[in-house]
Each structure stands twice: as C-alpha cells, then as structure tokens.
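Protein chains: 2
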Amino acid sequence: MIPNQNYRQLQENYLFSEVARRAAAYRKAHPERELLHMGIGDVTLPLCGAVVDALKQAAEEMGKPETFRGYGPEQGYAFLREAVKGYYAGRGVELDVDEIFISDGAKSDLGNILDLLDRENTVCIPDPVYPVYVDTNLMDGRKIVFAAATEANGFLPLPDDSLAADVIYLCSPNNPTGAVYRRDQLQRWVDYANERRALILFDAAYEAFIQDPELPRSIFEINGARTCAVEFCSLSKTAGFTGTRCGYTVVPEELCFGGMRFQKMWLRRQATKFNGVSYLVQRGAQAVFTPEGQRQVKENLAYYRRNAAVIMQALEELGVWYTGGKNSPYLWLRCPGGKPSWDFFDCLLHTAGIVGTPGSGFGRNGEHYFRLTAFSSRANTEKAMERLKALQAAL
Amino acid sequence: MIPNQNYRQLQENYLFSEVARRAAAYRKAHPERELLHMGIGDVTLPLCGAVVDALKQAAEEMGKPETFRGYGPEQGYAFLREAVKGYYAGRGVELDVDEIFISDGAKSDLGNILDLLDRENTVCIPDPVYPVYVDTNLMDGRKIVFAAATEANGFLPLPDDSLAADVIYLCSPNNPTGAVYRRDQLQRWVDYANERRALILFDAAYEAFIQDPELPRSIFEINGARTCAVEFCSLSKTAGFTGTRCGYTVVPEELCFGGMRFQKMWLRRQATKFNGVSYLVQRGAQAVFTPEGQRQVKENLAYYRRNAAVIMQALEELGVWYTGGKNSPYLWLRCPGGKPSWDFFDCLLHTAGIVGTPGSGFGRNGEHYFRLTAFSSRANTEKAMERLKALQAAL
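Quick mapping for you: the protein sequence lines, in order, are chains Y and D.
Residue numbering for the first sequence follows my numbering, beginning at 822 and increasing consecutively.
Residue numbering for the second sequence follows my numbering, beginning at 822 and increasing consecutively.
So that you can see chain Y by itself, here it is in the shape it has in the complex (with noise of 0.2 Å):
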C-alpha cells in the first residue's frame, strides 16, 4: 500500500506542544510561580442551564423506548435547521434548511470540505492564520499562495489583480489577530470570486463576539455571496462548545461549479462518510437558540468581553498597540522593543508567570506580534494585567 506522500510535507504542530513544553519546564523550575493562561483558546465558563436541561431531557429521551432515536438524518435534525434558520433570519439572512449541515464542529468540516475540491486547485490563505487551513490542504498536495495579513492592512488582505486563486480562506473575527472584515471589503472578496468563479470558504467561528452592528456576522450578508461561498460556524466559542462539539456549515443552493451542484456533493459526502452528531447534543445546540439559551450564552459573552477590556485597558496604559479585542475574543498585540514572537513569549514567563501565544506560530506575517485571549477566568485576566502594568519597565 502506497501511503499518501503528502503528509510528509507536513510539518510537526509545533506551536502549542512548544508552549506547553516551556510553560512546563518554567513551572518545574519554579513551582512557587503562579501561571496565568492567557493564550488558551478553549473557554472556561460552563454550558448554560437551558443547554444542561436540554442535554438531561435527551439523555432520558434516549432511555425509553417510546422516546429512543437510533440513526437521526446525517444533515441534522430538522429541528435543530430550523433552529439555525431562524438564527441567521434574526440577521436578515434568508436560508432554506436544506442549505444548513448540522456539525459537529467547525473544524471537521473546514478539513472535509475539501474532499469536494481537485487538488489541483490553487488555495489563497491569509498569512498569519489558524494553522489548520494549511496543513488540510498540504495533505491534499494543493498549491498555497499566502495573503500578506499585515499592520499596513489591518491584518485584513484584500484581492487584487495578480492574485491567482480557485479557493479563498476568510476567517473573520480573525484567529488569531481578531480583525473583522467590513462589508465592503467582503464584497470585493466576493466580487473576485464570483468573477473569477472561485469558491470562497468563510470560518465564522467568531461571529457571536461581534458588537458593531455595522459588521457583517455572516459572508450571507454580502450581495452574490450565495454563487461563491460556504460558511462555517460553531457553538464551541458562541455557547461553550468546545467540548460538547457541536457546528453548522451553510452550503447556498445556487452553488454550482463546473455543472455540479456543491449542495448535493456535500449532502453525499456526509451520508456516505458521516452519521450526523449525537442527538442529545443536537438537543443542547437547540436549547442554545430559544430565548432562554440565547440570554444564557449572551450573558457569558459578555463576561468574555469584560475580559477582553480589562486587557485592552492595560495594553492602552502600556502604551502597546493591538488590535482585536472589540469584536473578538483575541487580542493581537506588537512585541514590545520589536522583540521577535518567542523572546517575548519567553519574557512574560519568565518575568510575570504569564503564558500567551507567539503570533510567528500562525504564520510568517505573526513574527513580532502575540496573541492574548479572553477565555480565562475574570481573577486570572485581572492578575495578568497587573502583573503586566508592573513590567512596564521591562516592556
């Protein structure tokens, strides 16, 4: 049996083993040192009650005959569609439930996507990036051209004429610099595609941390989007889902290339290669979307977006530009006296017990920025910063 010879192009996921390495070896040699984590991206408030109580309610369900499921419908329940449905109407975005994929995250589905794609396509990815859409196409052996994410364009690249590109990867609020895309900026994105009949695969994973009204939550929002794009979203971040697993991809009907329908290829690589996600967390992802959940998950975002001020205040005392933070749960912030990314990282260990990102781990553009998140606990946000504003010597 040949292997694929593409996975040895992959490099080792050497960012966050490497921080965990020096956070370890710190704490071995200093067990009295307290460490705050700044640069998780995982959540730390528990699922709500409308969720605990759907997930119980199901649990039951699933115990007695009268109420048993076996195999639920590999696209999702209806009910939890219409759920999402009546999400993105809320917004003003019309979409039919046979467009909505139940999930069970993000993640699963940005990777098998791309079983959709030749691999001969060229696949334009924003530099610096969540790693995942890089090393799902390097096993693939697609061509990678990189979108220069940078201070100059506010880690927001545009198209322009000599990009030469099938597919486009849009992450916005971005991981890990948190820059949101303005809705005129998507519709160039859009326009390039729809122009160049390229596919554009858009991760909202971050939509829910988005406070301006002004900006767009979904590419669905953008004229023309329905002929070029897919989005991605997840309950992981929006409702504390990291661990429950739980998302939904929005496939337009009018999706079409090269006379086939992108929908109903989708449809059949899930029913051929998956089997719909647990019903009891279907239930919890329905509870997220009542009045009830949605006033539960609204109330932890905004204990995460008193997390992110706090941080923004000190950097702001500090003197250290970012961005991010408003409508993100990520801080993106230039290494003080232009350090690179792992002496920095290195620094705020050593010298303040506090563990974050390196931005050169997402990319070459990350190379001089860090990244902080908003996940942690208030007590541990607030020490942080203390311990930051205390450094300012240092820094």
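The set of hints was computed from the structure by calculation and includes no laboratory data.
Some hints could be false.
The list treats identical chains as one, so a pair stands whether inside a single copy or across any two.
[Said to hold, decoys possible] Listed below are the simulated DSS-like cross-link pairs for lysine-lysine, each with C-alpha atoms no more than 30 Å apart in a straight line:
#1 Lys964 to Lys1085
#2 Lys1160 to Lys1204
#3 Lys849 to Lys1210
#4 Lys1210 to Lys1147
#5 Lys885 to Lys1204
#6 Lys1147 to Lys1204
#7 Lys885 to Lys1119
#8 Lys885 to Lys1147
#9 Lys849 to Lys1085
#10 Lys1147 to Lys1119
#11 Lys1204 to Lys1119
#12 Lys1160 to Lys849
Using the hints provided, position chain D relative to the given structure of chain Y.
The following block gives chain D in isolation, referenced to the frame of chain Y:
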C-alpha cells in the same frame, strides 16, 4: 474552482431510498395494512440505564465551573481508551492506549482513513457488502476489484494468487450476509497482506453478536495482523448507540508503509480535521464497559439474538436456505423460487406487508438473495414470521 470529478462516478444511493419509496407507495394504497419493517439496520431498544445515568451525570458536570470540560484530546479521553483496552484484554488481545482512537462511529473513520492512502492503490472489496466501502473509494477515484462472496464460498471470499490488491476490506460478521470468518480464514488474509505489504481495513462493527467462542471477534486475534491491519468498531449495535454516536478505531504501532508510521499519520489526520467526540458521549460509552453496563448491553444483545432465532426457526420450517443469524444480527436468505431480489421484495411487501432489503442492493452477487434483520421488536418479528409461514404456499 474545479470540483472533485470523481463524484460524477457515484450512483444515487438507490437502495434504501427505493425501499422507502415502495413501502410508502404500498402504505398509501393500503392504509389499513400494518407494515412490518424487517429490513432495518437500526436498533430499536433504548440505551441501557448505566449509559443514561452516565450521560446525565456528564451533562451535570458540564454545567458546573469546577467540572466543566472544554476541548478534549482529539484521540479520545484516556478513561474511555483504557476501557476499550480492557474490553480487548478480556478477549486476550493486548493493545496500547495510544493505538485506540475514539470516533463518532465506524462509518466516519472508515471513510476518513482513506485520507492516508494514495489514490493509486488498488482496493479489494467483497461483493455483496456495505455500500460505503465502494462509494468512499469512488470519491477518490481508486481502482476497485471485487472479491465474489457466493454460496460456494459461504459468502467468505479468500485471497488467491490472482488477486493484486493494496487495500482489502473485510467485514466480519458481515453486513449484509451475516457470514463470519474463522481464524484460519482470516489468517490467510493476514498472510496475504503481509506478503504483499497490503493494508486490511477490518470492520468489526458486529463483533458483539458473535457467540461461538471459536470465531475471532477482532483481526488482532490473528498472528501478524499488527503489521497489516486497522480495525474499526462501534457501539452502534453493541450498545444501541446509532443515534448517540461513538466508536473506536485500532491502529497498531507497528503498522508502517513506505517508511511512514500509519498510527502517527492517523493521529495527525484526526488532530487536524477532527476535535474529538463529545465529552458526554464518551462518558456514556465508558459506562458500556463497566460490569453493570456490560450486563445491561448483553441483555439487549440477547433480545436481538432471540429475534434472530425466531427468524431462523421460521426459515427452517419453510425450507428456505439462509446464512447468518447465529453470530450476527443479519439473516441472508436465498429468494424462494429463484426470484430476483426486487421481485421477492415486492412479493413480501404485497402479500405479507413485510419490508426487507433486496440483496442486489449490496452488489451484483447479492442478486437472488434477501436480507432480514434481528433489530425489530419481538412482537413485530414474531408477527412477520407468522405471516411468512402463512404464505408458505406462495413461497
């Protein structure tokens, strides 16, 4: 964007939709007639108490800050991998926990494992068989050769010198035929694979139905399997998890092709394109492997086995040739009177109100055969068999 042209080679998933279409048409024409569904591959008994309790407790944990769980390990929690390890050890198969990957079901992993295989490999698939093996390889454009499963070989094809395959699918107990390989037969496949450096993908989804202690329940009971095989298993039929979604895949450490360690490749694939199974579901799955959970799921398995016995007795009384049923939830019968599968389907539907599955839907060699399953309720199973016996004259 160029879509994956291989999707053009896929036929509509005709079998079960056509079964449903004909059943619905009959129901509409004869609303007074009770239809008995004896073709379903889905379980009907609810989750056992130990599982329901574990699910509810996990839901409670997820609602409290001190016990909440965010992202888990992509490979699955150690508590569940240890439980699976213990399950195998109970049958004398020693595994390392790093060889066990928790999945959302065998179907997902059986499809996704193909990511690791070059598209130039030739794949050997039994005929008839679970249609997913064929479709997932068509999607990648791989060359498929079929191994004929016939009455002559007991529906258990074996390798011979003429076979040139890089990848071999085996499903034992088999879906749809219910046939189970003996040790000496599996040894021939393992020897073939090791000699040719081929990979065996072993689908053990129905292993829990094996009663005969002489029959192997895992490919890893066979000498040499650790250098050529991956095993896929599922709690779907073992513990009624068809709607709850959990399974496991075993990738031995020794497995290596062209200098690439297969286990490492699979871990990289899962860490990049998957985020693990829901914490709740993993706790539910863990409960299956406790002494109380095992006692409860074995009661359910015994219920289905008694259904199978009811069907076997009826077929024997009727003098209908069949295989399966003893160590499998599937019964595979020769259509009486040499009828083509779909003709017998229509005959059973119209004369007895019984819905089964035509064998030809599983492959060319399934023509003139028919699948019944033990997953219905006892009452329906008995009623269906009474109707069948009353039809004796027609058969």
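Do the hints match the structure? See the list:
In this assembly of identical chains, the alpha carbons of Lys964 and Lys1085 lie at most 30 Å apart whether taken from the same copy (26 Å) or from different copies (24 Å). In this assembly of identical chains, Lys1160 and Lys1204 lie within 30 Å of each other by CA distance solely inside one copy; the values are 23 Å within and 78 Å between copies. Proximity of Lys849 and Lys1210 under a CA criterion of 30 Å is satisfied intra-copy only: 25 Å inside one chain copy versus 75 Å between copies. Within a single copy, Lys1210 and Lys1147 get their C-alpha atoms as close as 21 Å, which meets the 30 Å cut-off; across copies the closest is 72 Å, which misses it.
With identical chains, the CA atoms of Lys885 and Lys1204 are at most 30 Å apart between copies only, with a shortest distance of 23 Å across copies and 49 Å within one. In the homo-oligomer, the alpha carbons of Lys1147 and Lys1204 lie at most 30 Å apart inside one protomer (20 Å), although the nearest pairing across protomers, at 65 Å, exceeds that limit. When the C-alpha separation of Lys885 and Lys1119 is checked against a cutoff of 30 Å, the pair qualifies only between copies, where the shortest distance is 17 Å, while the shortest distance within a copy is 34 Å. Taking the shortest alpha-carbon separations for Lys885 and Lys1147, only the inter-copy value of 28 Å comes in at or below 30 Å, while the best intra-copy value is 47 Å.
Proximity of Lys849 and Lys1085 under a CA criterion of 30 Å is satisfied inter-copy only: 29 Å between copies versus 54 Å inside one chain copy. For the homomeric pair Lys1147 and Lys1119, the shortest alpha-carbon distance inside one copy (15 Å) is at most 30 Å, but the shortest distance between copies (55 Å) is not. Taking the shortest Cα distances, Lys1204 and Lys1119 sit within 30 Å of each other inside one copy (24 Å), while across copies they are farther apart (53 Å). Proximity of Lys1160 and Lys849 under a CA criterion of 30 Å is satisfied intra-copy only: 25 Å inside one chain copy versus 75 Å between copies.
No hint from the list above goes unmet by this structure.
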